[in-house]
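Build out the structure end to end from the sequences listed, making use of the hints.
Chains A and B supply the protein sequences, listed in that same order. The first sequence lines up with residues 8 to 209 when you count with our numbering. The second sequence lines up with residues 8 to 209 when you count with our numbering.
Please note that a few of the clues may not be correct.
Which copy is meant is left open, so a pair is good if it fits within one copy or across any two.
[Said to hold, decoys possible] Simulated pairs of lysine to any residue, SDA-like, Cα-Cα distance not exceeding 25 Å:
1) Lys189 to Arg149
2) Lys16 to Asp139
3) Lys54 to Ser86
4) Lys150 to Phe135
5) Lys153 to Val198
6) Lys37 to Glu191
7) Lys150 to Lys192
8) Lys49 to Pro63
9) Lys189 to Met133
10) Lys153 to Arg202
11) Lys37 to Lys49
12) Lys192 to Phe136
13) Lys49 to Arg23
14) Lys16 to Thr78
15) Lys102 to Val168
16) Lys189 to Ala167
17) Lys209 to Val168
18) Lys189 to Asp66
Just so you know, these hints were derived from the structure itself, not from any lab.
Number of protein chains: 2
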Amino acid sequence: MKTVCYSKKSKGEITRDKILAEATRLINQKGFEATSINDLVKATGLKKGCLYFHFPGKDELMMTILDKAKTDMLETIKSGLNGKTPAERLNNFFKGVLEYQRSCGFAGGCIFGNTALEMSDKDERMTFFVKDFFDKWIELIRKVVKEAQDHGEARNDIPAVVMAKHIVMTIEGGIMLTRLEKSEKPLKDCVDSLRILIGLKK
Amino acid sequence: MKTVCYSKKSKGEITRDKILAEATRLINQKGFEATSINDLVKATGLKKGCLYFHFPGKDELMMTILDKAKTDMLETIKSGLNGKTPAERLNNFFKGVLEYQRSCGFAGGCIFGNTALEMSDKDERMTFFVKDFFDKWIELIRKVVKEAQDHGEARNDIPAVVMAKHIVMTIEGGIMLTRLEKSEKPLKDCVDSLRILIGLKK
Numbered sequence: 008m009k010t011v012c013y014s015k016k017s018k019g020e021i022t023r024d025k026i027l028a029e030a031t032r033l034i035n036q037k038g039f040e041a042t043s044i045n046d047l048v049k050a051t052g053l054k055k056g057c058l059y060f061h062f063p064g065k066d067e068l069m070m071t072i073l074d075k076a077k078t079d080m081l082e083t084i085k086s087g088l089n090g091k092t093p094a095e096r097l098n099n100f101f102k103g104v105l106e107y108q109r110s111c112g113f114a115g116g117c118i119f120g121n122t123a124l125e126m127s128d129k130d131e132r133m134t135f136f137v138k139d140f141f142d143k144w145i146e147l148i149r150k151v152v153k154e155a156q157d158h159g160e161a162r163n164d165i166p167a168v169v170m171a172k173h174i175v176m177t178i179e180g181g182i183m184l185t186r187l188e189k190s191e192k193p194l195k196d197c198v199d200s201l202r203i204l205i206g207l208k209k
Numbered sequence: 008m009k010t011v012c013y014s015k016k017s018k019g020e021i022t023r024d025k026i027l028a029e030a031t032r033l034i035n036q037k038g039f040e041a042t043s044i045n046d047l048v049k050a051t052g053l054k055k056g057c058l059y060f061h062f063p064g065k066d067e068l069m070m071t072i073l074d075k076a077k078t079d080m081l082e083t084i085k086s087g088l089n090g091k092t093p094a095e096r097l098n099n100f101f102k103g104v105l106e107y108q109r110s111c112g113f114a115g116g117c118i119f120g121n122t123a124l125e126m127s128d129k130d131e132r133m134t135f136f137v138k139d140f141f142d143k144w145i146e147l148i149r150k151v152v153k154e155a156q157d158h159g160e161a162r163n164d165i166p167a168v169v170m171a172k173h174i175v176m177t178i179e180g181g182i183m184l185t186r187l188e189k190s191e192k193p194l195k196d197c198v199d200s201l202r203i204l205i206g207l208k209k
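In structure tokens form, the structure reads like this:
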């Protein structure tokens, strides 16, 4: 009996995915501005015309990458925030951050942090998009922090939204230092100190 | 009586300073990789040959910028850590961070954070240099945190070095968010929450 796989991707979709994967890798490594269409031609082995057929320009390509990364990352954060109690959800989230960076070999960092630093002063659309990602991330953390505070599982002398921002800022700084040192230590110190400072129950 | 000013700069030194100032501005705005020699020709109005006379290449230029920024920034941090008590020194340092970013109009961020994110995976010399800056910054903070802990002016259930790293990481994340939002709020939230979380006396 012949098996028909309806989810099989078309040749065009496979090419598009290949461009996105190579562009993401290059942009994480070199930065957006420094990645040229010629770099992509070399990395993918495709012709320039083929790249432009799939993406009208580098800006569109970057927005597609950010859009996919935003969906993926927010899903990863949501699924990382799992557990029976709010404290367990936050503890699992901290573990997840470490595991995620470990799986990347502590290279590449955070595409949103990188884009924030690279594009904040020059591209309004990307800045808005990255800001929206951080707002959504902070809101996901804020909800759980508020629950933890209400249940006496975290200190409550700081508003939940400020505590959530503090957590996200420290993690972004921790990712930067951990990438710089190519070692888990700074990020491990970062989440360990966060747990103690916010008075998180085990 | 004729006044002789011995500190007057030579024409060559003035040109060199001009190149460094424009290069710093461009690199903070666009990133290192994306700043080309042609950008510098446009920004300074100098000929390419003149640029190469002062700096053999972009890497040398960047190392000179980082070297100057490192000296300046460590001096700024040291003078920011002033006050009679350790708690006063840390509080003044936090105020100084806010004032410094305000004076930059919340643009440009931190050249070391930017370079860490841009160059961590590709240039060993710059990575080493930036890592050394963060090590020295953390050490300056660690000493004052330790004094504050010993004098009962900060909580002491976290080693001073981890607390110092936490402070530096949160500030770097805070600078990133404040630059993204072009608003003082994230960095203000960052230092306010740091003061409370580390139990710093006023």
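Now the hints, each set against the structure:
1. Lys189 to Arg149: between (30 Å within a copy, 22 Å between copies)
2. Lys16 to Asp139: neither (31 Å within a copy, 48 Å between copies)
3. Lys54 to Ser86: Classified as neither: same-chain Cα gap 39 Å, cross-chain 56 Å, threshold 25 Å.
4. Lys150 to Phe135: within (23 Å within a copy, 39 Å between copies)
5. Lys153 to Val198: Both. Shortest intra-copy (18 Å) and inter-copy (20 Å) distances satisfy the 25 Å Cα cut-off.
6. Lys37 to Glu191: within (22 Å within a copy, 29 Å between copies)
7. Lys150 to Lys192: The answer is between: 20 Å across copies meets 25 Å, while 28 Å in one copy does not.
8. Lys49 to Pro63: Within one copy, since 18 Å is at most 25 Å while 28 Å is not.
9. Lys189 to Met133: Only across copies: lysine 189 and methionine 133 sit 14 Å apart there, 28 Å inside one copy, limit 25 Å.
10. Lys153 to Arg202: Result: close both inside a copy and across copies, 15 Å intra and 20 Å inter.
11. Lys37 to Lys49: Both: 15 Å inside a chain and 24 Å across chains, each within 25 Å.
12. Lys192 to Phe136: between (31 Å within a copy, 19 Å between copies)
13. Lys49 to Arg23: Answer is within; shortest intra-copy Cα gap is 15 Å, inter-copy 37 Å.
14. Lys16 to Thr78: within (20 Å within a copy, 55 Å between copies)
15. Lys102 to Val168: Classified as both: same-chain Cα gap 21 Å, cross-chain 22 Å, threshold 25 Å.
16. Lys189 to Ala167: This pair counts as between: shortest inter-copy Cα distance 22 Å, intra-copy 32 Å.
17. Lys209 to Val168: Classified as both; 21 Å inside a copy, 23 Å across copies.
18. Lys189 to Asp66: between (30 Å within a copy, 22 Å between copies)
Figure legend: structure checked against the earlier numbered hints; hints not met, in rising order: 2, 3.
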